[in-house]
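Given the sequences, and given the hints that come with them, work out the whole structure.
According to the working numbering, the residues represented by the sequence shown are 126 to 194, in order.
Honestly, I wouldn't trust all of these hints.
Restraint-style ranges between C-beta atoms, simulated for each label pair [to be verified]:
1. Thr130 to Asn157: 40 to 46 Å
2. Ala185 to Lys133: 18 to 24 Å
3. Gly149 to Glu178: 14 to 20 Å
4. Ser140 to Ala193: 36 to 42 Å
5. Ser140 to Lys160: 14 to 20 Å
6. Phe150 to Ser172: 19 to 25 Å
Since the hints were derived computationally from the structure, they do not count as laboratory data. Source: prediction; values computed, not measured. Idealized CB from N, CA, C, for every residue including glycine.
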Amino acid sequence: MDHHTTPKRKPHPRSVEAFCQRWGFCRATFYNQAKLGLMPDVIRVGSRVVISEAAEAAWAERSTKRSAA
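Below you can see the structure in the form of structure tokens.
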């Protein structure tokens, strides 16, 4: 019996800057759209603002559905 398991990958939250670079828009657009509830949920740790992989994936899913409608 083979008991090999895939090691769990550590979550890698992304900064707002990195998120914007990845998706091709500026931080001002991010924050303007966030005010409208159109960006992923963020996690605030002190002065740092990050986006979890799960929040980014959920946002991408919502955005894809919204643009297809």
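Consistency of the hints with the structure:
no.	hint	result
1	Thr130 to Asn157: 40 to 46 Å	44 Å, holds
2	Ala185 to Lys133: 18 to 24 Å	22 Å, holds
3	Gly149 to Glu178: 14 to 20 Å	18 Å, holds
4	Ser140 to Ala193: 36 to 42 Å	29 Å, violated
5	Ser140 to Lys160: 14 to 20 Å	19 Å, holds
6	Phe150 to Ser172: 19 to 25 Å	22 Å, holds
The structure shown violates just one earlier hint, number 4.
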